[in-house]
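Colleague: The whole structure should be built from the sequences, with the hints applied where relevant.
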Amino acid sequence: MVFRYRGVSFMRVWGVAGTLATAAGAALAQDPLASNNGLYPTADEWDGRFLAANLGYPTPASNDILLAANSWSPARDRTPLQLDTAAAYADRLLDHLAQTLRPLVDQPAEWDPVAAGWYDLVWSGDGTKGPDGIDPTSGREALMNTYSGQIVPPETFSEPYQPTVPVQNHAVIYYNHVAAGMLGRLWSNIYLPDLSETEFPTGSIVVKVEAVTNNEDNWNVVANSGFWQVFRPTTEDQASGKRNLVPQVIPARPFQIAVRVKDPVAAPETGWVFAIYVHDAGAEGDTPWDRFVPVGLQWGNDPDQARNFLELTGTETLQQSWINPAAPAFARDTLGWEGRLAGPMDVATRHNVITVSGTRYTGDNSLPASSCQSCHGAAEYPFTANLYPSPNRVLPRDGQPFLLYDPGSPDWARWFQNRPGTEAMSANIGGKGLDYDLALMNALSVHAEAVGNEAFTQGRLHVH
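The sequence shown runs -29 to -1, 1 to 435 under mature numbering (1 follows the signal peptide of the UniProt record, and there is no 0).
Honestly, the hints are just simulated from the structure, not real lab data.
A few of these clues could be false.
Computed Cβ-Cβ distance ranges for the label pairs, DEER-style [unchecked claim]:
(1) L163 with E126: 42 to 50 Å
(2) T13 with E255: 35 to 43 Å
(3) V85 with G329: 38 to 46 Å
Just so we're clear, the structure is a prediction, and the values are computed from it rather than from any experiment.
C-beta atoms are modelled at their ideal positions from N, C-alpha and C, and glycine is treated no differently.
Modeller: The structure is reproduced here in structure tokens:
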């Protein structure tokens, strides 16, 4: 099978790009250019297409990096975002994304990431191999190129929006032309990444579109949504702890769009604006895309309100998170710590938490423990700090015991600082900042494992 990477053709041999195989014998276990995890439905199960990953990153001299329809212009008024300007920014961003991403939601069978100018990530598609074969929840699946997300318990949401079964998402992650240009420089040698090229240029956009496996019968908020099909084990089988999971063609409904925009004008302290949009079943619109509405924006962690929060008067307003007052009510159930931005699929609210002081959060007493920016701010190489304010690197499934620092403590507050993306959270021990990109952290970890650098590896990619 011939595969193209950055304009060069490679013959795939034994699941690895043959011309690269001699570069690192240890890497035969992982295919850096795999579109998916290698698991396909039978002809009886599926008669549609298989979506190939777009890994043909633009070259540094390519003019289309600057002229691409999906590149982002910094804030029009050339001033930092404020609470009273955030709504207009969120609307402009969604309109901008609609120019190239609308078919992904409205016409998934016609979706073409190459024509639309959106790119996948190398070292991310291949599946995890074990003694019983490939883990069917790992890598990207073959129908829509989605990653598997965590399973969210029904009690995360309050009535009348509480689902009757757990919620799981399957997400695509794409980079626009500008961001992909940086990826091309970073991975110009697929087996020897250039870690000096990990800062995304202004105008970069990274988008994650997440589809849930629920239907209208078990979660009323997905009514009038779009429709995908993915090749994964059912959420029911995964939640039950069933062994030897088997993938199936299952329906999934686009529900959340999470976006990162590199805009240092709008976000001078971190460089990034985070946006969350969710499907609103009651919104007006002719197509499912039209029924996506903003939950909010975040352009900083409000570090001034990250410590001793119990001593605050309760009247302080976050200055770097804007929450849309017209967002669906269920979206407020899943906001991050002290109301910072987080989406319904972000698993910012954790159940069954114990803090280092011995405080327990169980039953209905859950803990909003994260936010968009605090989580992504932990992106560094090697993987050192947890994505949550925790003293260890364990990322248990929600509902399993999870050790966290005490909210508002100095240790907790480390996750809620404003840092430039080049500054690692663990810079004191030599960490390399990855500019708020968790998927890139995973790709570098997979590469490290493939070439035998076990000390720099991470677990599987968590797309929430």
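Colleague: Within 42 to 50 Å: is that where the Cβ-Cβ distance between L163 and E126 falls?
Modeller: 47 Å, holds
Colleague: Note whether the CB distance of T13 and E255 lies within 35 to 43 Å or breaks it.
Modeller: Roughly 41 Å apart at Cβ, these two residues keep to the hinted range, so it holds.
Colleague: For the pair V85 and G329, does the Cβ-Cβ distance stay inside 38 to 46 Å?
Modeller: 54 Å, violated
Hint check: a violation occurs at hint 3 only; the rest are consistent with the structure.
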